[in-house]
Amino acid sequence: MGMQGDFFQLLKEQGYTLGSPGLAGNGQELTSATTILAFKYRDGVLVAGDRRATAGNMVMYDRTDKVLEIDRHSVMAIAGVPATAYEMVRVLEHSFKYYRRTQLQELSFEGKLRAVSKLLKENVAAALAGTGAVVPVFAGYDFEQGAAKIFFYDILGAEFEGVEYAVSGSGSPTIRGILHYVNTWGERPLVELTEEEATVQALRLLTSAAEFDSATGGVNRESNLYPIIKLITQDGVRVVSDDRLKPLFESKVVRHV
Amino acid sequence: MYEEPYRWVEAVGNRRTYLDEQFRQGSPVVGLVYEGGILLTTVSKGTSKLYEIYDRIALGGMGHPADLEKLRFNLLEMAHVEGFNRSPSDVTGSRLVKYGIAPVIKQAFEEVYKAPFIVRILLAELGQKPERDSLLTINYDGTFEEMKKQAVLAATKSAQARMWEYLNAQMPASCSLDQGLLLALRTWAIGSLAHRQESAEGLEESGSSGDSLKAATIPDQAALFAHLREVLADKTLECAVLDRQQPGSSKYRALKPAELTRLLPKDFQPIVTG
Numbered sequence: 001m002g003m004q005g006d007f008f009q010l011l012k013e014q015g016y017t018l019g020s021p022g023l024a025g026n027g028q029e030l031t032s033a034t035t036i037l038a039f040k041y042r043d044g045v046l047v048a049g050d051r052r053a054t055a056g057n058m059v060m061y062d063r064t065d066k067v068l069e070i071d072r073h074s075v076m077a078i079a080g081v082p083a084t085a086y087e088m089v090r091v092l093e094h095s096f097k098y099y100r101r102t103q104l105q106e107l108s109f110e111g112k113l114r115a116v117s118k119l120l121k122e123n124v125a126a127a128l129a130g131t132g133a134v135v136p137v138f139a140g141y142d143f144e145q146g147a148a149k150i151f152f153y154d155i156l157g158a159e160f161e162g163v164e165y166a167v168s169g170s171g172s173p174t175i176r177g178i179l180h181y182v183n184t185w186g187e188r189p190l191v192e193l194t195e196e197e198a199t200v201q202a203l204r205l206l207t208s209a210a211e212f213d214s215a216t217g218g219v220n221r222e223s224n225l226y227p228i229i230k231l232i233t234q235d236g237v238r239v240v241s242d243d244r245l246k247p248l249f250e251s252k253v254v255r256h257v
Numbered sequence: 001m002y003e004e005p006y007r008w009v010e011a012v013g014n015r016r017t018y019l020d021e022q023f024r025q026g027s028p029v030v031g032l033v034y035e036g037g038i039l040l041t042t043v044s045k046g047t048s049k050l051y052e053i054y055d056r057i058a059l060g061g062m063g064h065p066a067d068l069e070k071l072r073f074n075l076l077e078m079a080h081v082e083g084f085n086r087s088p089s090d091v092t093g094s095r096l097v098k099y100g101i102a103p104v105i106k107q108a109f110e111e112v113y114k115a116p117f118i119v120r121i122l123l124a125e126l127g128q129k130p131e132r133d134s135l136l137t138i139n140y141d142g143t144f145e146e147m148k149k150q151a152v153l154a155a156t157k158s159a160q161a162r163m164w165e166y167l168n169a170q171m172p173a174s175c176s177l178d179q180g181l182l183l184a185l186r187t188w189a190i191g192s193l194a195h196r197q198e199s200a201e202g203l204e205e206s207g208s209s210g211d212s213l214k215a216a217t218i219p220d221q222a223a224l225f226a227h228l229r230e231v232l233a234d235k236t237l238e239c240a241v242l243d244r245q246q247p248g249s250s251k252y253r254a255l256k257p258a259e260l261t262r263l264l265p266k267d268f269q270p271i272v273t274g
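Chains as they are written, first to last, in our numbering: chain A, 1 to 257; chain B, 1 to 274.
These are calculated hints, taken from the structure and not from any lab test. Remember, predicted model here, so these are calculated numbers, not experimental data. Since no wrong hints were added, every one of them can be taken at face value.
Some chain B residues flagged as far from chain A (calculated, every beta-carbon gap over 10 Å):
#	residue
1	G13
2	K98
3	G202
Listed next, the stretches of chain A that the computed footprint assigns to chain B, with coverage defined by at least 3 CB atoms under 8 Å from CB atoms of chain B:
#	segment
4	10-19
5	81-94
Across the chosen pairs, the derived CB separations fall in these ranges:
#	chain 1	residue 1	chain 2	residue 2	range
6	B	W8	A	G236	54 to 60 Å
7	B	E131	A	A83	34 to 40 Å
8	A	Q105	B	P130	29 to 35 Å
9	B	S176	A	Q14	40 to 46 Å
Ideal placement from N, C-alpha and C gives every residue a C-beta, glycine not left out.
All chains, please: the whole structure from these sequences, using the hints.
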């Protein structure tokens, strides 16, 4: 046995457990991460996240990367407890590679989704105790169907497809409404936006979230701090650099704030 | 039955004879450093002989497919568990070999009442810097060697020596991927011709027999390519690189027919098939 290419199983056989089993904790004092969003645009999927990590009222860190590349064609954006989320990303990254290298074929997109679900289920005890809740958005390119896709999860591991968009984190209620409005009554639906238009939209959405949610970090121009925006297309994952975000923010976002 | 020491020595000696025999039909493997990374080349029929082990580590093998698979899985398991528990940069070819599979292979080889691994392995590791690149070869008895720029696997010692000599003499200080590929193919052909010649002459492991096939008879380039064409009529050219420029953490890439066609000179292209 052990020939199925299941890395998580291999880790478990070596005595590994994901996160700490549920000790009743006080969720207020844990570090948590905040607004993430993903939507489909003309060429694929855009995934974005603000950069603030908070613990209660305290800002822990303002340069967090919550949009993490798992492989060349998939990205997981994380909201919730970063310690657990980063660990999940590490497990997933190694799982997908291990599968590809042992089985000599890429894990299917559906297989990748199941892997995320499985990790979340593994983490239910910690999630319910308040010490390890993670609510991710998973996006990637599905080569079997020839399309980029978005999925979001609840803390128990249930998976839902975001047909047009998905959001998560404490700032998400604000922008969920905006996304619905823009997508339904805007000049054009999100899926018709060009790369640049989509990027501007993402910057505006995150700025709105920061406006109403103290746990979401906005753009900080003095310290050259911009959100993380990644694009997934057939060619793989691409990061939109700060050098591109800066002029877009200044010309298309700043006057509305 | 092996309690007397000399019987054990004799049994181990028999094992060598038996194992040497097992590689007769095998296809040589060539590994060399080019300016953008490391190239592995072999010719296979059906099952692949080149594999990705970790972000910067690749494997080329000869021998029994089932044994190769077993060791490949060992390597993959070790590399991924180590890479996860520590960090990907702690996974090195030399640790995988020295503390990983070499002892396992040696033990299997010396436990004369059990089956040995019928394998020869080449492990290529792309260093963080070019000067840290390394190529390791492991024999069926667990002995291993570490090289900096090139390494070869062949069925017999003498064939291996001839390939090594040729490659060593022809290896430029630095070469592009297409130059490296041609050199690897010529070196492969040297090994393959040596195998053929040795089987024809039926002069097996008389030890020093390799000397009779000395460098005097190095075929010219045309003869080497003619041999390749002949062999590749019913076999597949298999090439993989560890490409320093490849985006992302995984540097391994098998060269697809389209890329091979682009790299090889025009008169050589018919040999590339799906």
